[in-house]
Amino acid sequence: MTPPSMLDIRNLNVALLNGRPILRDVSLTVAPGEVRALVGESGAGKSMIGKAVLGILPRGLKVTSGEILLEGQPLHDLRPAARRRRVAEVAALIPQDPLTALNPVRRIGAQIVDPLIKIHGWARPAAQARALDLLHRVHIRAPERVMQSYPHELSGGMRQRVLIASAFAASPRLIVADEPTTALDVTVQKQILRLIRELQQETGTAVLFVTHDMGVVAKISQQVSVLFQGKVMEDAPTQAVFDAPDHAYTRALIAATPSYADPERPFSPVPQSLIAEMSAALAMEVRR
Amino acid sequence: MLLRSILARLLTTAVTLFGVAVVVFTLIRVAPGNPIAMMLPPGASEEDIAQLTALYGFDKSLPHQFVIWLGGVLQGDFGTSITLRQPVDQLVLSRLPATLELSVMALLIALALGGGAAVLGARFRGSPTETGLDLASGAVLSVPDFLWGLLFVLCFGVLWPVLSISGRIDPGLEFDFTTRFYVIEGLMRGRLDVVASTLSHMLMPAMSLALPLAAMVAQLLKQNLKEVLVQDYTTLSRVHGFSETAVILRDALRNAALPTLTLVGVQFTFLIGGTVIVERLFAYEGLGNMAIDAVINRDLPLIQGIVLLFAALFIVINLLVDLSYTLLNPRLRHG
Amino acid sequence: MAETSLPTAPRARVRRLNLRLWLPLSWIGTLVVVALAAPWVAPHDPLAQDLFFERLPPFFLAGTEPGFWLGTDSLGRDVLSRMIHGARIALLVSVSAALITCIFGSALGLLAGYYGGWWDRVISRLVDIWMAFPPVLFAVLLVAVMGTGLTSVIAAIALIDWTRFARVIRAETMVQARMDYVDSARIGGARRLATLVGEILPNVLPSIIALLMLEMGIAVIVEAILSFVNLSISSDDPTWGSMIAEGRNAIHFAWWVLLFPLIALFLTVLSFSQLGEGLKQRFDPVLQ
Chain A
1 MTPPSMLDIR NLNVALLNGR PILRDVSLTV APGEVRALVG ESGAGKSMIG KAVLGILPRG
61 LKVTSGEILL EGQPLHDLRP AARRRRVAEV AALIPQDPLT ALNPVRRIGA QIVDPLIKIH
121 GWARPAAQAR ALDLLHRVHI RAPERVMQSY PHELSGGMRQ RVLIASAFAA SPRLIVADEP
181 TTALDVTVQK QILRLIRELQ QETGTAVLFV THDMGVVAKI SQQVSVLFQG KVMEDAPTQA
241 VFDAPDHAYT RALIAATPSY ADPERPFSPV PQSLIAEMSA ALAMEVRR
Chain B
1 MLLRSILARL LTTAVTLFGV AVVVFTLIRV APGNPIAMML PPGASEEDIA QLTALYGFDK
61 SLPHQFVIWL GGVLQGDFGT SITLRQPVDQ LVLSRLPATL ELSVMALLIA LALGGGAAVL
121 GARFRGSPTE TGLDLASGAV LSVPDFLWGL LFVLCFGVLW PVLSISGRID PGLEFDFTTR
181 FYVIEGLMRG RLDVVASTLS HMLMPAMSLA LPLAAMVAQL LKQNLKEVLV QDYTTLSRVH
241 GFSETAVILR DALRNAALPT LTLVGVQFTF LIGGTVIVER LFAYEGLGNM AIDAVINRDL
301 PLIQGIVLLF AALFIVINLL VDLSYTLLNP RLRHG
Chain C
1 MAETSLPTAP RARVRRLNLR LWLPLSWIGT LVVVALAAPW VAPHDPLAQD LFFERLPPFF
61 LAGTEPGFWL GTDSLGRDVL SRMIHGARIA LLVSVSAALI TCIFGSALGL LAGYYGGWWD
121 RVISRLVDIW MAFPPVLFAV LLVAVMGTGL TSVIAAIALI DWTRFARVIR AETMVQARMD
181 YVDSARIGGA RRLATLVGEI LPNVLPSIIA LLMLEMGIAV IVEAILSFVN LSISSDDPTW
241 GSMIAEGRNA IHFAWWVLLF PLIALFLTVL SFSQLGEGLK QRFDPVLQ
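Protein sequences, first through last, are from chains A, B and C. Every letter in the first sequence is one number past the one before it in this note's numbering, and letter 192, counting from 1, is 192. Every letter in the second sequence is one number past the one before it in this note's numbering, and letter 18, counting from 1, is 18. Every letter in the third sequence is one number past the one before it in this note's numbering, and letter 174, counting from 1, is 174.
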């Protein structure tokens, strides 16, 4: 008997209120300390998996069936308040857009410290020390000054560092990183990515890393799930996927990614014919 | 930068006040009929009229009269009330505290009721609770303060007489006021019976004034809250483990309050404008009640003084709102 | 993240919208019919005093006299008959005052919003000055200056409330004037005034109509307020306001004299404002 996975998603279905499916029978696991990438084009539903786990699905979207187990405990059984507390205890989120993910009228320090005090029950001095320490570890030069700043006084990259620090603050055992570099400049993207990997390795936190970029997948993850229109097309170790992609769609995604290591290699968008064929296949499946 | 915009505001303010002065002044004097004749009881002699005309300077040309009056105003001399035979500024200032206390009380009630309804509506957005609150606030909003006042008089003054329907304080109370701020002075001197009596007299007029504004605050603040509640930082707070109510109160309220504030400022001036008739309705001894008496008695200097004071009050409130908007918004404060 | 709209919402709105139009319309329709037919519908002469019948309670209380359904006031005048005749004055004032206010205020708003420059500066400054007056005090003052009577009341309402139209219509005109269709009309050779009347006016018309309805309700109230301070038509004429004033004075002896006109005012004001909102939704091309 293996120890329980950090996160275990079984046959998860999410749909719009009018019944249109967003996630179809998604199953995946994340082992403690492991990084699993969720990759797919926009609209593939990859972000929705993380949101379903954290209980922040947008209004109008509902989990229709399936189970989510966090450290072996089914979240489905919990009442909303207990579920919220449980998730906050175990998991954290690095959001996509650092420009909108910080409250514009509150100081940075309060935004990191408040959850520690109010949710995790820390004493204020301890929480403050923790915040300073983490701001330090995300390579922010003057943490004391940043604590006193308002979000608009920081650059996008700085804000993403703050958000990463905040995500790691309460020592979560699972972090959902929802395309954390998409909204940033290319140069900053690499720094942020390196930072997340660095902290992840130091702390041994498991990460569910949502991205559309196969290049990022290769750099950060050990496992990868490839999604298309809410369905997992391929689920395998990252190395295996890059060595010998099983599914035509995965091959197409890899081919569509420009490579920094080999800039000469040509890249091409995912062919429309393939997308049409796969959509048709999915539609057939629904009818059955 | 901030200083310059304040200076610009003060300048337009002065222009507006000057305009108000011109309008009142001309309005009263272009009225058909001799203003002096309007002041005097019927059957006054020619001599009386001539004497008064000279006394109030009405024998001079209109612009000349205006300059004389404005010169006096700039030196703090607003003239003498014809009916009450006292300096206008003293009369007006003696009534101002009553109106201020009433208006502020109404504002507080409106913010509490409207804010509460907005938070409740946002908390249960998309549910029948929200629809119910929307319908209720829509109906409350379209009924003006005057009608609410009448309804309260009928309900709580007569059919179920729990509140007094006239005056500002129980006349039987023995208390020597040094100021005219009954609530504040009662509180400071520890006379809770005085405070209670004043508040109970104030409750119905204040509620009448507050209800329409409360409905407006409820609608606008709820709309703003709902817009804020789909922002990423509120989502992040939910992930941090804060309950929906906590997210609304901690994260959303301050962001949503900023755009609401501008409206509240403008509406507060309307609310103060409403005190005129509501004070009349409840025989509340404030500025508005005095103003209507002044109009009925054709007390020109008093009318001018009161209108000018109201205008100044409105302008000051708008100025304060702009200022607090800047102070509450960190982006503007540093920018 | 945009909230996904519920697919059931539009149907619910249509049903409420109809009620919103029909309930107010039926009340106002009743008022119009009753006002037109007042001499034939009213059971008594509204001015006839009869001290033998003073302060008779309405039909549902003990001690009533047949024929005086809603009771009588302190001078023995029939409350129902006075209300029916009062509806005439209320409607007359509300329609004529609102129309004049609307035409005057909207014209200024259109001019300020479309021509800008000096037009805008002068009109906006006037609006500022006007808004610095407490409206009720202003109305009382105007009627005192012009002398009591129907025309004075109507003129006073128009002179005070034009700012409401001017402000709203100015802002909407400014928005419309920046739209592309205005440019294309101008390039097509239309003159400025023709563009204003032909292109912009139809687009701000829904707002004008909504404001007009609102103003009709407000005009009824202003008339009642002026009657209340004894400055309206003439104290003998049966207006709802004078009935309310009389009811306020006799409140401890004959509260019904206040109650019934108060109900009529409530319903009328509510009807006009709901009608305005309903019509606005009905005719606004954007909201449909």
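To be clear, the hints were calculated from the coordinates, so they are not data collected in a lab. Any given hint could turn out to be false.
To be verified - Lysine to any residue pairs mimicking SDA-like chemistry, simulated, CA-CA at most 25 Å apart:
1) A:K62 - B:L120
2) B:K226 - A:D77
3) A:K62 - B:Q231
4) C:K280 - B:L3
5) C:K280 - B:Q223
6) A:K118 - A:R85
7) A:K62 - A:D77
8) C:K280 - B:Q231
What the hints assert, rightly or not - Some, not all, of what chain B presents toward chain C, calculated at C-beta under 8 Å:
9) T16
10) W69
11) F314
12) V316
What the hints assert, rightly or not - Computed Cβ-Cβ distance ranges for the label pairs, DEER-style:
13) C:R191 - B:A136: 44 to 50 Å
14) A:R20 - C:F104: 32 to 38 Å
15) A:A81 - B:W160: 37 to 43 Å
All residues carry an ideal CB built from backbone N, CA and C; glycine is no exception.
Hint by hint, here is what the structure shows:
1. At most 25 Å may separate the alpha-carbon atoms for a hinted pair to count; A:K62 and B:L120 meet this at roughly 23 Å.
2. For the hint pairing B:K226 with A:D77, the CA-to-CA distance comes to about 29 Å; that exceeds 25 Å, so the pair is violated.
3. Taking the CA atoms of A:K62 and B:Q231, the gap is about 20 Å. The hint holds against a cut of 25 Å.
4. Annotation: proposed proximity of C:K280 to B:L3 is violated, straight-line Cα distance about 42 Å (limit 25 Å).
5. Only pairs whose Cα atoms come within 25 Å are accepted, and C:K280 paired with B:Q223 is accepted, the gap being roughly 19 Å.
6. For the suggested pair A:K118 and A:R85, the alpha carbons sit about 12 Å apart, so the restraint of at most 25 Å is met.
7. Among the hinted pairs, A:K62 with A:D77 is consistent with the structure: their alpha-carbon atoms are about 16 Å apart, no more than 25 Å.
8. Our distance criterion of 25 Å between C-alpha atoms is broken by C:K280 and B:Q231, whose separation comes to about 30 Å.
9. The closest approach between the C-beta of B:T16 and any C-beta of chain C is roughly 5 Å, which is under the 8 Å cut-off, so the hint is satisfied.
10. Interface hint status for B:W69: violated, as the beta-carbon distance to the closest one in chain C is roughly 17 Å, over 8 Å.
11. Look at B:F314: its Cβ gets to within about 5 Å of chain C, closer than 8 Å, so that hint holds up.
12. The beta carbon of B:V316 is not positioned within 8 Å of any beta carbon in chain C (closest approach about 11 Å), and the interface hint is therefore violated.
13. In this structure the hint that C:R191 and B:A136 lie 44 to 50 Å apart at CB holds, the actual value being about 49 Å.
14. Taking the beta carbon of each, A:R20 and C:F104 are about 53 Å apart, not inside 32 to 38 Å as hinted.
15. As the Cβ distance of A:A81 to B:W160 is approximately 41 Å, the hint placing it in 37 to 43 Å holds.
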